[in-house]
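Peer 1: Chains A and B, in that order, are what the protein sequence lines are.
Those letters in the first sequence? Residues -9 to 694, per my numbering, in order.
Those letters in the second sequence? Residues 93 to 367, per my numbering, in order.
Source of the hints: derived by calculation from the structure; they are not laboratory data.
Check each hint, because a few of them may be wrong.
Stated by the list, open to error - Some, not all, of what chain B presents toward chain A, calculated at C-beta under 8 Å:
| id | residue |
| --- | --- |
| 1 | ALA132 |
| 2 | TYR134 |
| 3 | PHE151 |
| 4 | ILE154 |
| 5 | LYS156 |
| 6 | TYR308 |
| 7 | TRP312 |
| 8 | TYR338 |
| 9 | GLU349 |
| 10 | LYS359 |
As the list claims (entries may be wrong) - Once the Cα atoms are required to be at most 30 Å apart in a straight line, the calculated DSBU-like pairs of lysine-lysine come out as:
| id | chain 1 | residue 1 | chain 2 | residue 2 |
| --- | --- | --- | --- | --- |
| 11 | A | LYS626 | B | LYS336 |
| 12 | B | LYS247 | A | LYS302 |
| 13 | A | LYS302 | B | LYS206 |
| 14 | B | LYS159 | A | LYS442 |
| 15 | B | LYS247 | A | LYS296 |
The beta-carbon is built from N, C-alpha and C at its ideal position, and this holds for glycine as well.
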Amino acid sequence: MFFVLITHLPKAEEGIPYSWQGYIEVSQKMLTTAGSSSSGEVTTRWKLNINWKETNKNDIKDKNGRLVGQLIKLEDNGSTWKGTVTGGFAQASQDISYEGQGSGNNNTISFVWIYYSLSDKDPLKDVLPNGSYCIGANPESVATFNETITYIDRDRGSTRSSTMPVFLNYFVGGKNLSMPFGHIKGPDLAGPISTETIKECVTRGAQAMAAIQATNSWDTEARVIEDGVMKGHYSRTAFNDTLINELSWDISKVMDVSGVIEKPDKNWRPLGGDENNSIKIKAKIKDNSELKGKWKFTLFEASKEKGYAMNKGDSTDYDLNFVENQSDYAKGSEAMTTESTKAMNSTEVEIQSLDYGAWGKLKAEVNIEGTWYKCKTEDGKDYITIPFDDNENHIADKWEEKYEVSGESADSDNDNKPEGVGSNKEAGDGFTNYEEYRGFFVNGEWEDTDPKYKDLFIYDELGFGIGKFTDLKLQIHLIDQNEFDSERYVNFNRGYGTLLTQNGQKGLYICGRTMEAVYGAVSSVVGSPNVVDRVYINAMLLMSDPMNPMVRSAKNLRGGARESIFHEELDSIIAHELGHAVNLLHHGEDSVDRDRCYRADISPDSVAVTGGKWSGDVKCIMRYNPPLNYLGWDNKFYDYPENEEGASRTIFCDNKEGTGINAPPNRMDEDGKPYPVAGNATYGECKKNVTLKGNHYYGDVPGF
Amino acid sequence: MFKKKVLFIGIVFIFSLVYIILQMSSGKITKKIVEPLDVALYYVQGPDDGSSCVSVGIFSKILKQEKIDDQIKGSDGKSKTKQRDDKLYYEIDKSMWQDEVLFWALDENGKKNKIKKGIKLISSPDGGRLYFTADSFYNAIYEIENNSLPKQGNKIYAEVTIGKNVIISNTVAIPAKLSGECENIIKKAEVETFLGNYDNLMPIAEKLISIKGASYLGYWYKGLALENEKDYKSALSLFETALKKYHQPSQDNILYEPPILLAKKIKELKKITRR
Chain A
-9 MFFVLITHLP KAEEGIPYSW QGYIEVSQKM LTTAGSSSSG EVTTRWKLNI
41 NWKETNKNDI KDKNGRLVGQ LIKLEDNGST WKGTVTGGFA QASQDISYEG
91 QGSGNNNTIS FVWIYYSLSD KDPLKDVLPN GSYCIGANPE SVATFNETIT
141 YIDRDRGSTR SSTMPVFLNY FVGGKNLSMP FGHIKGPDLA GPISTETIKE
191 CVTRGAQAMA AIQATNSWDT EARVIEDGVM KGHYSRTAFN DTLINELSWD
241 ISKVMDVSGV IEKPDKNWRP LGGDENNSIK IKAKIKDNSE LKGKWKFTLF
291 EASKEKGYAM NKGDSTDYDL NFVENQSDYA KGSEAMTTES TKAMNSTEVE
341 IQSLDYGAWG KLKAEVNIEG TWYKCKTEDG KDYITIPFDD NENHIADKWE
391 EKYEVSGESA DSDNDNKPEG VGSNKEAGDG FTNYEEYRGF FVNGEWEDTD
441 PKYKDLFIYD ELGFGIGKFT DLKLQIHLID QNEFDSERYV NFNRGYGTLL
491 TQNGQKGLYI CGRTMEAVYG AVSSVVGSPN VVDRVYINAM LLMSDPMNPM
541 VRSAKNLRGG ARESIFHEEL DSIIAHELGH AVNLLHHGED SVDRDRCYRA
591 DISPDSVAVT GGKWSGDVKC IMRYNPPLNY LGWDNKFYDY PENEEGASRT
641 IFCDNKEGTG INAPPNRMDE DGKPYPVAGN ATYGECKKNV TLKGNHYYGD
691 VPGF
Chain B
93 MFKKKVLFIG IVFIFSLVYI ILQMSSGKIT KKIVEPLDVA LYYVQGPDDG
143 SSCVSVGIFS KILKQEKIDD QIKGSDGKSK TKQRDDKLYY EIDKSMWQDE
193 VLFWALDENG KKNKIKKGIK LISSPDGGRL YFTADSFYNA IYEIENNSLP
243 KQGNKIYAEV TIGKNVIISN TVAIPAKLSG ECENIIKKAE VETFLGNYDN
293 LMPIAEKLIS IKGASYLGYW YKGLALENEK DYKSALSLFE TALKKYHQPS
343 QDNILYEPPI LLAKKIKELK KITRR
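If we strip away everything but chain A, and leave its shape as in the complex, we get:
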C-alpha cells in the first residue's frame, strides 16, 4: 500500500511546537417549567481565553502496523477564564436569587484531542475524518467559583443564604470519539494505538454519549478542523426546555515559538577611544534545541554623546555598533540592525562600544516560517540594556553597586567625602554620577572617578605641582592642557545626566607669572573653580632668582647642581593660592589705617591685626608668610615675632581658634610684647568653606 503525506498536516514532526489560541464563550440558562407557578431565570456565563499546547502525539496504526494517523492531545497552557452567575426565581412564597463571579488561570478543559489522518486510504476515514476534534469540560477538573443563593421568605419576612460551587461545563464534538482516553488502555496513551481500538472507542463512546447528550444539551455535531481553526456555535435545550446551553468557540493553531535573549555580563562596562571594547550577547529559541530560524538583532535608543569621554573626542556618532564582519551575520536592511545569514537554533552577536559612557537597548527576533518571534529576557522584557542596567539610568549597575549609588539618579551629585571638607549644605563636586562613570582623561589616560569623593581637576602648566594642597584630601587629577577646553570646562562633552544648575564644571589652571612683591595670586576673584580664572605662581621663585632665599636653599641653582627640590615654602604658597581657587579667604582682613601708622618704618600692608590675615591656627596654609609688624592689643606696633611658635603652614584649619602666638588669653611676654598677636580668625574654618561646584565668590559658602 502506498501512503502519501498530506502537506497541510501538522508540523509537529518537524519539531515545531504549536499551540492553540482563541476563545470559548459558554452560556447556560436555567428557566422555569412552562405552566408552573414559578417564574424567572438564572444565567451562567463563561468567557475563556484559550491557550492550549499540544502534548501527546500517538501514532495510529492499522493491523499491518502501517501508520495511518495521529491522535494529538492538548493541555491547558495558561488560559484564563471569567465566570458570572446572575438571576433568580420567584416562587409562591419565596424569592431565590443567584449571584456570583470568579476568574482564574488554566482549568478550561478536562480533555481535548485532535485526529490527523496521515493516509489517503485511512481505514478510520468514515468514523473519524481528518481533523476531527473533541473538547470536554468535566465539572470535577475545571474552573469553579462560588455563587451565593439567597432565599427570601415573603410570608415570614426572613432571609437566608447559602453558598454553592458553580462548575464550568461544556462539550464540543459530540459525534466524534467522545472519551477516547477512558477507553484506551496503557499508561497515558504510551505507544501506538490500533485502528481497531479507535473504531471500538468511537462506537462505544458514541453510544455512551448519546444518552448524556440528550440530557445535558451538549454538542451533538461531528467537529472537524478547517484551515487550522476550530470554530463553531451551537444552542441546545434539555430538561423540558428548562436548560439552554449555548456555546461559541474560535480557536486557531499557532506556532508556539519564543526566543530568549540573555542579559549582558554584569561585570562588563563600556570603554571608548583606543580602548573600545565589545560584548557578546546570546539568544536562542526557547525550549527547543532543533528548531532553527533566521535571526535579527536591533540596536535602539543607543547613545550619541559627544566625544568618547567627558573630556575627549568630538564625534557625535552612535556609541554602540554591531561589530563588523561577524561570522554568520550581515548588515540588516534597516539602520542599526544585523541579520543572520543562516538559520540557527541559538546565536551570538557582538556589540562594540566606542564610548566610555555608551548605552543602548538591543532586541532579538527570530524568523520561523515567515513569522518574526520576539525574544524575551528572563524577566519578561523584549529587550536588554547594554551595559547591564536594570534601573535604566544608563549607568552600568555593577559600577553603581561598586560605589554604593544604586538608588541614585544619573544626574545625582552627592559627593560627601572627604569628611569635613566643604559645606554640609551643598554636597557634590560639580560632576554627576553619570559623568563620573563615563570618566575623564587625566594625563592621557582614562579613569572613572568615585561619585562619593570630591574631584578636582588641575592643569599645572608650570610643573611645580600642587604642594600641600593635598591636605584637603580632595581627589586631585593633574590633567593635560587639552583635557579641559579653552574655558576650562572639564566636562566639555557634557550632555546626558549633567547638572542643570550650572553650565559645566571647570578645572583649575596653574600658570606662571612674573610678580615682584608677592608669591602668587588668583585672577580675577577669590571663589570656586568655576569663577577663578587662573592660579598664578611667581615663576621666578624657582626658575631663575638666585637671590630668592627659597631658591638659595634648594640644590639647583642655574648652572650648578642639577636637581631642583621643591621647597616646602613653595609647596605652601601653591596650596595657599589653590585654596583661594576653592573659595577660601584669608583668615581675616587687615585694615590698618595709614594715618595710624605713626611709625615711619611701618607699612600698613605688612602689619598683622587681631582677627586679620595672620590670625587663627598658625599651622593653616591660608595664613600667609609672616609680615614685618603687628598691632598689639595695647594698640601699639611691634615687630612680628621671629618665632611663630609652631607655625608651619602645612594644613587647612577646621576652626577659628588662634594657636601658638595667636592663642588666648591676653598677656605680656618677658620682653614686653603683647600676646596673642592676631587672636582668633575672623573667617578660618577653611576645610568647611571649600566650595567646588557652582559659582561662589569671596568665600560665599552655601548654607552659611
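With chain A's structure known, arrange chain B on it following the hints.
Peer 2: Then chain B, alone, in the frame of chain A:
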C-alpha cells in the same frame, strides 16, 4: 631522532640565555624604562624692541600624580599608586638642551613652523644621569629675539627629544605688543631678572623710578640690583621704600595678597645688616 631534536633546542636555548645575560651585564641591554615625562614651557614677554625669554622645564606629571594619590590616601582617601620598583632616570647629555630642544610656532590654522634663529641658550642643567622624582624639575632658560617669535595670538611650543621620546610642551599664546615706554621698561626688567642679568638692572630701575616714581617697581628692581652688588644696607632701604609704595591698586587680586616677598627681603637684609 626525537632526542637529537630536543638536545639541539636545549642547546640553542641555553646559548640564548647566556648571550642575554652577558649583554645585560655589559650594559648593552638595560631594563627598559618607559615613563612619560612632561615639558613645561614658561614664557616671559620682553620689551617690544628686545628679546623675550622662556624656561623649558622637564618633570614627571605621573610621579607627581602618584605622590598626590599617596598623600591623600588615608581613612577617607584612596590611592591609585602603582608600585614603582625602579627609579626613573634618563641619561642626558648637556648638549641636549641645545640640540634636542626645538621651538615651534603654531598659527591660527594649526600650521606649525620651526623657529630657527634668534634663540640663545642661557643656562641649563649639567649632563649626566637625571633622576626624576615627584619633586624634580629640570629647566633651561633661553633668550628669544622678539622678531623670531610669531605674531600676536599665534602660539609657541617646545619639542624636546630625550632618547627615543619626543615630548611636546604646553602651548603659549604670544601676547599683544606693549602699550608704552613704562611697560617696555618693566618688561625689560622682568626679562633681565629672569635671565639673571642683575648687573643690567640698575639703569633700568633708575629709569623706572624717574618716569614712575610712585610705583614700588623701580625701587624693587633697584633693591635687587644693590642686593646683587652686596650693598645690603642700600638694598634694604630700597625695599622698605618699595613696601611703603606698594599700596596701590593692581590687576587681578594681587592686592589681595600681602607683599610678603618684599617683607621677606626686608627681614633677611635686616638680619644681614645687623651682623
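Peer 1: Quick check on TYR134/B please, does its C-beta sit within 8 Å of some C-beta on chain A?
Peer 2: OK, holds: TYR134/B within 8 Å of chain A, min 5 Å.
Peer 1: Compare the distance between the alpha carbons of LYS302/A and LYS206/B with 30 Å, and conclude whether the hinted pair is satisfied.
Peer 2: Holds. LYS302/A to LYS206/B sits at ~28 Å (cutoff 30 Å).
Peer 1: Going by Cβ atoms only, is TYR338/B closer than 8 Å to chain A?
Peer 2: holds (6 Å)
Peer 1: Tell me if ILE154/B is really an interface residue toward chain A, meaning its C-beta lies closer than 8 Å to one of theirs.
Peer 2: holds (7 Å)
Peer 1: For a C-alpha distance cap of 30 Å, please report whether LYS247/B and LYS296/A respect it.
Peer 2: It holds: about 27 Å lies between the C-alpha atoms, which stays within 30 Å.
Peer 1: LYS156/B was flagged as interface toward chain A. Is the shortest Cβ-Cβ separation under 8 Å?
Peer 2: Since the shortest Cβ distance to chain A is 5 Å, the answer is holds.
Peer 1: Report holds or violated for the interface hint on PHE151/B, using the least CB-CB distance to chain A and a cut-off of 8 Å.
Peer 2: Holds, about 4 Å.
Peer 1: Given GLU349/B as an interface hint, is the shortest Cβ-Cβ distance to chain A below 8 Å?
Peer 2: Since the shortest Cβ distance to chain A is 4 Å, the answer is holds.
Peer 1: Taking the closest Cβ pair, is LYS359/B under 8 Å from chain A?
Peer 2: holds (7 Å)
Peer 1: Can you confirm whether the C-alpha distance between LYS159/B and LYS442/A stays at or below 30 Å?
Peer 2: holds (22 Å)
Peer 1: Take the shortest C-beta to C-beta distance between TYR308/B and chain A; is it under 8 Å?
Peer 2: Holds. Min distance 7 Å.
Peer 1: Take the C-alpha atoms of LYS247/B and LYS302/A, compute the straight-line distance between them, and say whether it is at most 30 Å.
Peer 2: Cα-Cα ~22 Å, so holds.
Against the hints set out earlier in the document, no violation occurs for any number.
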